Structures are given as structure tokens and as C-alpha cells.
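Take a look at the letters that make up each chain.
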Amino acid sequence: MISIQSLTHNYHNGPTLKFPDWEILNEEQWLLLGASGSGKSTLLNIISGLLKPENGKVKLNETDIYSLSQKEMDRFRGQNIGIVFQKPHLIKSLNLFDNVALASSLAGVKINQSRVMDLLSSLGLADKTKNYPEELSQGQLQRVSIARALVNSPALLIADEPTSSLDDENADNVLKILTQQAAENHASLVIATHDKRVKDKLNKEYLL
Amino acid sequence: MNILRLSTKNLLRNKLTTFLNIILVAFGVAILSILFLASTQIGNKLEQNAKDIDLVVGAKGSPLQLILSSIYHIDFPTGNIPLKDATELMENPMVKRAVPLALGDNFQGHRIVGTDSGFVSLYGLKLAAGKFWSRDLEATIGSGVAAEAHLKVGDKFFGAHGLSDASDEHKHHAYTVTGILQAQGNVTDNLILTNIGSVYKMHEPDHEEHEAQEEVEINNKEITSILIQYRSPMSVVIFPRMVNQSTNMQAASPAMESARLFSLIGVGIETLKWFAVLIMAISALSVFISLYNAMKEKKYDLAVMRSLGASKSKLFFLVMLEGLLITVSGAILGLFIGHLALHIIGHYQESSQARLTGLYFVTDELYLIVAGLIIGVVASILPAIQTYRVDIARTLSKEK
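Protein chains in written order, with our numbering: chain V, 1 to 208; chain F, 209 to 608.
If you are wondering where the hints come from, they were derived from the structure by calculation, not from laboratory data.
Hints are not guaranteed to be accurate.
[Unchecked claim] Simulated pairs of lysine-lysine, BS3-like, Cα-Cα distance not exceeding 30 Å:
#1 Lys522(F) - Lys52(V)
#2 Lys339(F) - Lys259(F)
#3 Lys520(F) - Lys40(V)
#4 Lys259(F) - Lys92(V)
#5 Lys87(V) - Lys504(F)
#6 Lys87(V) - Lys339(F)
#7 Lys52(V) - Lys520(F)
#8 Lys57(V) - Lys204(V)
#9 Lys304(F) - Lys268(F)
[Claimed, not checked] Example chain F residues on the side facing chain V (calculated, C-beta under 8 Å, incomplete):
#10 Asn218
#11 Lys223
#12 Asp324
#13 Gly326
#14 Ile497
#15 Tyr500
#16 Ala502
#17 Met503
#18 Lys504
#19 Arg514
#20 Ser515
#21 Leu516
#22 Val598
#23 Ile600
#24 Ala601
#25 Ser605
Values in this document were obtained by computation on a predicted structure and should not be read as measured data.
Quick reminder that beta carbons are idealized off the backbone N, C-alpha and C, glycines included.
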């Protein structure tokens with residue numbers, strides 16, 4: 001279960017952003033909606049432990065994540081939160097298998113080879129594991145980044161504008177994959193978007 | 209998937225840059241290691257050959273030339289000295305041991321040295337086969353000579369006039385090999401030892417075609433030089449002065465002349481050393497620039513890795529490791545190249561007296577690896593510190 005309480009943040013010289021309290025139960029799937037500039041990315045960064053808020057608490061399964069030290073927080077994030085960015089951000093010098101496996105080793109989790117393979121094949125990439133990111137299409141890379149976000153079986157899967165650079169067909173695909181994989185891996189899902197195509201696909205919405 | 213593997217993969221992705229950097233480091237290290245190895249080996253050889261010789265007395269001229277010709281058997285002798293004067297000096301009470309040398313002939317480039325049994329005890333020579341020379345025209349040859357000229361005990365050969373390979377052979381007298389010396393690792397390996405009488409005999413005027421100049425040489429009974437060991441260290445000051453002032457000969461100290469020789473070569477060695485240091489500095493700069501430039505591209509990678517759970521210190525070491533991998537492998541490659549190059553040089557070296565070998569190691573080489581480590585640290589510390597400054601949230605949001 002994830003909860004945020006009385007969160008506020010303000011950037012240097014910017015207006016103060018206030019975030020309504022929010023509770024996400026296990027395996028719930030949410031859309032985080034808002035116009036650009038409304039603070040979606042800021043909230044996502046705060047929830048995923050990348051940006052310390054001015055005030056308020058973020059709790060993930062009873063852990064107040066901003067009470068952790070920097071190093072503990074890095075590890076906690078690696079093990080409990082999977083993030084899918086708008087761009088795939090894969091490491092160019094590693095092949096797909098290693099890119100996914102890297103997420104385990106960086107989070108201090110033992111690499112589970114069959115888990116990596118299972119994830120990649122469930123995303124239709126079984127025959128590409130030895131390929132390098134340069135050799136793949138944008139859509140395929142996005143799927144690899146989803147596999148990477150899920151490899152440590154996180155409690156929470158966060159996707160930040162996962163569809164904005166994709167065409168209709170691919171956007172639809174990615175959404176399907178995200179909801180399906182989150183459910184299969186028993187993770188809660190938060191998709192931040194301002195993409196109208198996504199709007200009605202999930203039943204829970206958090207508006208900024 | 210540990211950090212080492214990740215940094216190796218990163219380096220392999222930019223093969224050319226990595227290659228250039230490794231080569232730069234290797235080049236600097238190779239030059240330094242060649243300098244270390246060669247100067248140590250030459251120094252050792254010089255020292256070994258002059259080990260128990262306190263003084264060399266010969267004809268007036270360049271003292272360095274006298275030392276080079278009489279101890280290292282490289283240069284030409286300064287001239288001859290009268291046997292009468294030499295004998296007087298050899299009987300001086302300050303002299304513990306004196307070994308006369310008569311040079312002038314060679315066999316296939318190996319010098320024929322007319323001397324007495326004092327030479328054997330001075331250098332501590334031992335036989336590998338046969339016996340020492342005892343009569344005229346008997347010769348005991350060094351192990352190097354035996355190997356190169358394919359001579360064995362009982363073989364005969366003709367000496368040639370001069371100190372380098374010459375066609376002007378003394379056809380009327382043949383030397384007989386009576387013994388072969390054990391390898392000593394010094395200049396004696398490449399010498400042919402005989403008695404002084406043989407050298408005289410070669411130049412005796414019993415043949416008409418002999419030149420007048422040679423006749424004079426023989427009639428007055430001359431030798432080339434004397435190697436002298438003092439009875440007490442006190443003589444170091446008095447004896448050379450006495451020789452230089454009261455006789456028509458000159459005395460030269462191997463220790464002093466070797467030091468002078470080294471200071472002459474030293475300028476060159478010093479220049480090369482700075483050249484190598486410069487190359488190493490350039491390599492450090494090059495590694496730094498490559499890593500620093502790569503940081504721009506890598507900023508996203510690093511931010512992603514942070515978001516995946518890597519700590520700042522882990523990424524710091526990741527970048528450090530990339531620099532260190534380059535410089536340390538460069539240093540090791542450089543040592544290898546240095547040894548290989550020296551071995552090749554030694555193989556093609558003409559003067560067998562100071563042959564260099566690549567199969568020789570000095571402790572200074574360890575410092576070169578340490579230097580590689582230091583260069584790696586210096587070059588990668590700034591880029592590595594940058595990993596601490598990467599703002600993940602901002603970096604990852606920026607590319608939207």
C-alpha cells in the first residue's frame with residue numbers, strides 16, 4: 001500500500017505545489033492526470049524517491065521512504081519501485097538481457113536468469129535477448145524498459161508518459177502490456193499522462 | 209553483472225578511443241621501462257666487468273678510451289707502453305696484483321688478448337672444457353666465442369690484424385684452442401686469451417712482407433696496458449698521480465671513467481625520460497577528456513542506474529574503474545612492449561660485450577604500474593565526482 005500525506009513542494013523561485021492526499025491499495029491501477037506544468041512529474045519523482053519533498057510523507061508498505069538515508073533509499077527504490085520512463089533509457093553497451101539483469105544487480109538482488117527470460121518472452125522479445133538497444137525499434141525498447149522495471153517484482157510500477165511518443169497502435173499496446181504485467185506481477189500501477197487516448201482505460205484517476 | 213563487467217563493456221563500446229588511450233599509456237610506460245632496463249643492465253655490466261680492477265695503466269691519451277679498450281674491449285687502445293716501464297710499475301709495493309694486456313689482433317671480431325695467468329684469477333675464470341693456455345699459440349676461448357665461431361678444443365684458427373673483423377690474417381701462425389671457459393656473464397665470454405708471447409710471435413719480423421712499423425713494435429717489446437689491483441685503498445690517491453706525473457704512461461680509474469661515461473649518456477637518458485613522462489601526461493589528459501566527454505552521454509545512463517537502485521558511490525567507482533582499466537592495462541601492455549623491444553634490440557645488437565636482454569626485471573617496473581594507477585585516478589577523479597552531481601529527477605525529466 002502506498003500513501004502520500006500533506007505533500008508540498010516548491011522549486012526554486014517557483015510556485016508552491018500542493019498535492020492532495022492519496023492512497024493506493026495493493027494491485028490497484030491508477031491514472032495520474034493533469035495538464036503539463038501541473039506537477040505530475042514532480043509528484044512521480046517524489047513518490048519514487050528521486051526528489052525530496054518540502055513537506056509531507058510518502059509511505060510504501062509502512063516505510064517512510066524519506067526517512068531513509070540516500071543509500072538505503074537507492075536500494076529501497078531498486079527493490080520496490082519499478083519506473084518506466086517516457087524514453088526507454090537503456091544502457092547502450094549492454095544487450096537486452098544484461099540491461100534487464102542490471103536492474104537486479106544494481107538493486108542488490110541476485111540475478112534470476114529464468115525470471116529475466118520469462119519477462120522478455122512474455123513481452124515478445126525472447127529472440128532478441130542478445131541484441132543491443134541500437135538494433136531495436138522504439139516500441140521494442142519501451143517493452144524492454146517495462147521488463148526492466150518489473151524484474152525485481154516491485155510493489156509499485158510507475159510509468160511516466162509512457163505513450164506520448166508512440167502512435168495509436170503502439171500506445172494501445174503499451175497500455176495493455178502495462179496493465180497486464182502489473183496485474184501478473186501483483187504490482188500497483190500508476191500511469192502519469194496527459195494523453196487523451198489513455199484517459200478512459202483505467203477506472204481510478206487522481207487529478208492534479 | 210558487476211561493476212567491472214559494466215565498465216569493460218562501456219570501454220569496448222568506444223573501441224577506438226579506448227585503444228588510443230591504452231596505446232598512449234603503453235607507449236610512455238614502454239619507453240620508461242626500456243630506459244630502466246637498459247640503464248640497469250648496462251650499469252650492471254659495466255660494474256661486473258670492472259669489478260676488481262682499481263686502475264688501468266696504458267699509453268697517454270683519453271682515459272675513457274683506455275678504460276673502454278682495456279676493460280670493456282670496445283674502443284681502440286690508446287697506444288702501447290714499453291714493457292720495461294710496465295714491469296717496473298707492476299713490481300711497485302703498492303700493487304697487489306697486476307695483469308698485463310697485449311691487444312691488437314682479433315678472430316672474427318673477437319679480440320685476442322695476450323696476458324698471463326693473473327687474468328684468470330682477476331676475473332675468477334673457470335674452464336668448461338680443456339685446459340688453460342700454457343705455451344705460445346695456445347688459446348683459451350670464452351664461451352661466447354666458442355658458440356659463435358663453432359670452435360672446440362683442438363681446433364685451429366688464424367688471428368687477424370686489427371681489433372675488428374679484418375681480412376688481414378696472420379696466415380703463418382695458427383692458434384690452437386686448448387680450453388673453453390665457462391660462461392661468466394661478462395666481457396670475458398667474448399675474448400680469446402693467449403700468452404703475450406703469442407702476440408709477439410704474430411708480429412715477429414721473420415717474414416719479408418711485414419711492415420716496418422710492426423718491427424719497431426716488437427723490437428722494443430711493448431704491451432698495451434696493465435690492469436692493477438691495489439694492496440690498500442690508500443693508494444687510490446697516490447698511485448695514479450705517481451704514474452701520471454713520473455712516467456710516460458697514464459693511469460685511469462674504471463670507477464671514475466664509468467661515472468663520466470654515464471654522465472655523458474645521462475643527458476640522453478634524461479631527455480628520453482622527460483619525453484616519456486610527457487607522453488604519460490598526455491595520456492592522462494586524453495583519458496580525462498574521453499571520460500569527461502563520455503559523461504555527457506552517460507549522464508542519462510547514470511541517472512537511470514541511480515533510479516534502478518545504484519548508489520552514488522557505486523557509480524563513482526564505475527567511472528573510476530573505467531579510467532583505471534585503461535591506464536593499468538596500458539601500463540601492463542607498455543611493460544610487455546618494453547621487454548619485447550629490448551629483447552629485439554639485444555638480438556640485433558652488434559657489440560656482444562654489452563648485449564641487452566628483455567628477460568630481465570627490475571623493481572622500478574612496479575613503480576610504472578603504480579604510475580599507471582595514479583594516472584588513472586588523476587584522469588578519472590573529476591568525471592567520477594560528476595556522478596555525485598547528477599540530479600536524477602531533473603536529468604530524466606529533461607529528455608521529455
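Hint check results:
A hinted pair counts as satisfied when its Cα atoms are at most 30 Å apart, and Lys522(F) with Lys52(V) qualifies at roughly 21 Å. This hinted pair checks out: Lys339(F) and Lys259(F) have alpha carbons roughly 25 Å apart, not beyond 30 Å. Proximity of Lys520(F) to Lys40(V) is assessed by CA-CA distance (about 26 Å); at most 30 Å being required, the pair is judged to hold. This hinted pair does not check out: Lys259(F) and Lys92(V) have alpha carbons roughly 63 Å apart, beyond 30 Å.
With a C-alpha separation of about 17 Å, the suggested pairing of Lys87(V) with Lys504(F) holds against the 30 Å cut-off. Taking the CA atoms of Lys87(V) and Lys339(F), the gap is near 88 Å; set against the 30 Å cutoff, the hint is violated. A threshold of 30 Å between alpha carbons decides the hint, and for Lys52(V) with Lys520(F) the separation of about 16 Å falls inside it, so the pair holds. For the proposed pair Lys57(V) and Lys204(V), the alpha carbon gap of about 22 Å is at most 30 Å, so the pair holds.
A C-alpha spacing of about 23 Å is found between Lys304(F) and Lys268(F), which places the hinted pair at or below 30 Å, so the restraint holds. Interface restraint check: Asn218(F) against chain V, minimum CB-CB distance 5 Å, threshold 8 Å, status holds. A distance limit of 8 Å between C-beta atoms decides the matter here; for Lys223(F) the minimum to chain V is near 11 Å, and the interface restraint is violated. Interface hint status for Asp324(F): violated, as the beta-carbon distance to the closest one in chain V is roughly 74 Å, over 8 Å.
Because the closest C-beta pair between Gly326(F) and chain V is about 71 Å apart, greater than 8 Å, the hint is violated. Annotation: Ile497(F) was flagged as interfacial toward chain V, and the flag is violated, the nearest CB pair being 19 Å apart, outside 8 Å. Interface restraint check: Tyr500(F) against chain V, minimum CB-CB distance 18 Å, threshold 8 Å, status violated. For the restraint placing Ala502(F) at the interface with chain V, the shortest Cβ-Cβ distance is roughly 11 Å, beyond the 8 Å limit, so the hint is violated.
Violation of the interface hint for Met503(F) is found here, the shortest Cβ-Cβ separation to chain V being roughly 14 Å, above the 8 Å cut-off. About 14 Å separates the beta-carbon of Lys504(F) from the nearest beta-carbon of chain V, more than 8 Å, and the hint is not met. Restraint check, Arg514(F) versus chain V: the minimum CB separation of about 6 Å is within 8 Å; hint holds. Given the 8 Å rule on beta carbons, the hint for Ser515(F) holds: about 5 Å separates it from the nearest Cβ of chain V.
The criterion of a C-beta within 8 Å of any C-beta in chain V is met by Leu516(F), whose closest approach is roughly 5 Å, and the hint holds. Interface hint status for Val598(F): violated, as the beta-carbon distance to the closest one in chain V is roughly 11 Å, over 8 Å. A hinted interface residue such as Ile600(F) counts as satisfied when its beta carbon comes closer than 8 Å to some beta carbon of chain V; here the least separation is about 5 Å, so the hint holds. For Ala601(F), the shortest C-beta to C-beta distance to chain V is roughly 4 Å, which falls under 8 Å, so the interface hint holds.
Nearest Cβ of chain V to the Cβ of Ser605(F): about 5 Å, under the 8 Å cut. The hint holds.
Hints 4, 6, 11, 12, 13, 14, 15, 16, 17, 18 and 22, counting from the list given before, are not met by this structure.
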